[in-house]
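Student: In case you want the letters, here they are:
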Amino acid sequence: MKFAVLVFPGLTCDLDMYHAIEETVKQDVEYVWHTEADQLDQFDAVLLPTGTSYGNYLRPGALAKSSPACKQLQAFAESGKLVLGVGNGFHILVEAGILPGGFLRNQSLKFRSARETVRVENNNTAFTKDYTQGQVLTLPVANEFGNYYADEQTVEELKNNNQIVFTYANENTDGSTEAIAGITNKRGNVLGMMPLPERAVEEIIGGTDGTALFQSIMNNRGEQHVN
Amino acid sequence: MTNVTIYVTLRESVVDPQGIATTEALQKMGYEEVKSVRVGKLIELQLDGSEETIEARVNEMCNDLLINKVIEDYRFEIGEVVSK
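Same order as they appear, the protein sequences are chains X and A.
According to the numbering used here, numbering within the first sequence proceeds without interruption in unit steps and concludes at 228.
According to the numbering used here, numbering within the second sequence proceeds without interruption in unit steps and concludes at 88.
Mixed in with the good hints there might be a few duds.
Reference excerpt, derived from the structure (chain X facing chain A, CB under 10 Å, subset only) [what the hints assert, rightly or not]: (1) P10; (2) V95; (3) E96; (4) G102; (5) N107; (6) Q108; (7) K130; (8) Y150; (9) D152.
FYI, nobody ran anything at the bench for these hints, they're computed from the structure.
Virtual Cβ for every residue (Gly too), placed ideally from N, Cα, C.
Work out the full structure, taking the sequences as your base and the hints as a guide.
Tutor: Spelled out as structure tokens, the structure:
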């Protein structure tokens with residue numbers, strides 16, 4: 002299986018994502034710079050790391066739309082292959098219209114770097130099959146715009162399609178709608194999440210609760226939705 | 005060239021954490037008459053183009069990039085034509 006870590010300017014945690022693939026599933030992984038993404042279809046999965054793409058100017062993730070890689074990413078997602086966006090990568094997926102919703106500044110008005118307890122709300126996705134339903138994970142978060150927002154109608158749709166994959170289990174500190182921490186698209190082949198699984202793949206750096214996510218991708222890449 | 009001023013505000017249904025913090029700050033400073041603050045942003049464009057097309061083009065820009073309609077509302081004013 003071949004992974005691409007798609008890097009837009011200002012995404013700074015590409016190395017963490019690359020390392021997580023090497024560490025957990027030990028598969029081929031390559032960095033793809035956003036101006037060189039015309040061969041994206043040769044990969045089996047695209048990973049969008051976190052960071053501060055385009056300085057978070059205008060709105061986090063918004064200016065990635067100006068890159069040709071945005072259309073290439075949309076086409077890749079439509080092909081049904083797997084796409085994972087974490088942190089600012091989740092912002093990009095939302096701003097590109099691949100996932101629904103929007104992001105607001107954290108309720109605390111602070112940049113928050115912490116560990117969160119996260120509940121697996123749907124383990125029947127290609128990203129979460131190696132977790133158990135309802136399992137509570139400890140995963141790092143690091144963001145200023147982690148406050149996910151969706152209107153009532155969107156929340157209804159997300160619930161009806163089982164697209165809410167992760168929620169904050171104890172405290173919804175950032176103020177996200179319905180305590181949402183991660184969602185998929187309708188088809189189930191694109192996951193966006195604010196917690197950072199790639200920073201939780203080694204005991205020595207404080208936990209391995211992210212490992213099963215990458216193993217799930219590896220084990221279930223052929224499968225999609227999910228209901 | 006024409007000046008266009010776009011006012012961006014958070015939608016009514018969206019909680020504005022900055023606005024709430026600013027409301028509380030003003031009240032603490034003695035401005036007790038302040039009941040609500042909403043913080044938005046202002047975008048100024050200078051652009052070429054005929055008067056007939058500007059409105060449609062600016063709406064297009066707002067939908068394409070400048071606004072996320074899930075969280076934001078906008079309105080804009082088309083100002084004086086300025087000489088180059």
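Student: Hold the hint about G102 of chain X up to the distance rule: shortest CB distance to chain A must be less than 10 Å.
Tutor: This hint holds: G102 of chain X lies near chain A, its Cβ roughly 6 Å from the closest one there, short of 10 Å.
Student: So, as I understand it, the hint says Y150 of chain X touches chain A; can you test that by seeing if any CB pair is closer than 10 Å?
Tutor: With a minimum Cβ separation of about 5 Å from chain A (threshold 10 Å), the hint on Y150 of chain X holds.
Student: Double-check K130 of chain X for me: the hint is only fine if its C-beta lies closer than 10 Å to a C-beta in chain A.
Tutor: 30 Å, violated
Student: Holds or violated: V95 of chain X as interface residue toward chain A, Cβ cutoff 10 Å?
Tutor: For V95 of chain X, the interface hint holds, since the closest Cβ of chain A sits about 8 Å away, which is under 10 Å.
Student: Given a cut of 10 Å on the nearest C-beta pair, is the interface hint for D152 of chain X held or broken against chain A?
Tutor: 7 Å, holds
Student: Does Q108 of chain X pass the interface check with chain A, least Cβ-Cβ distance below 10 Å?
Tutor: 5 Å, holds
Student: Report holds or violated for the interface hint on P10 of chain X, using the least CB-CB distance to chain A and a cut-off of 10 Å.
Tutor: 16 Å, violated
Student: Is the hint on E96 of chain X kept, meaning its closest Cβ partner in chain A is under 10 Å away?
Tutor: 7 Å, holds
Student: Can you verify the interface hint for N107 of chain X: is its Cβ closer than 10 Å to any Cβ in chain A?
Tutor: With Cβ-Cβ at 7 Å, under 10 Å, it holds.
Violated hints, listed in ascending order, are 1, 7; each of the other numbered hints is respected by the structure.
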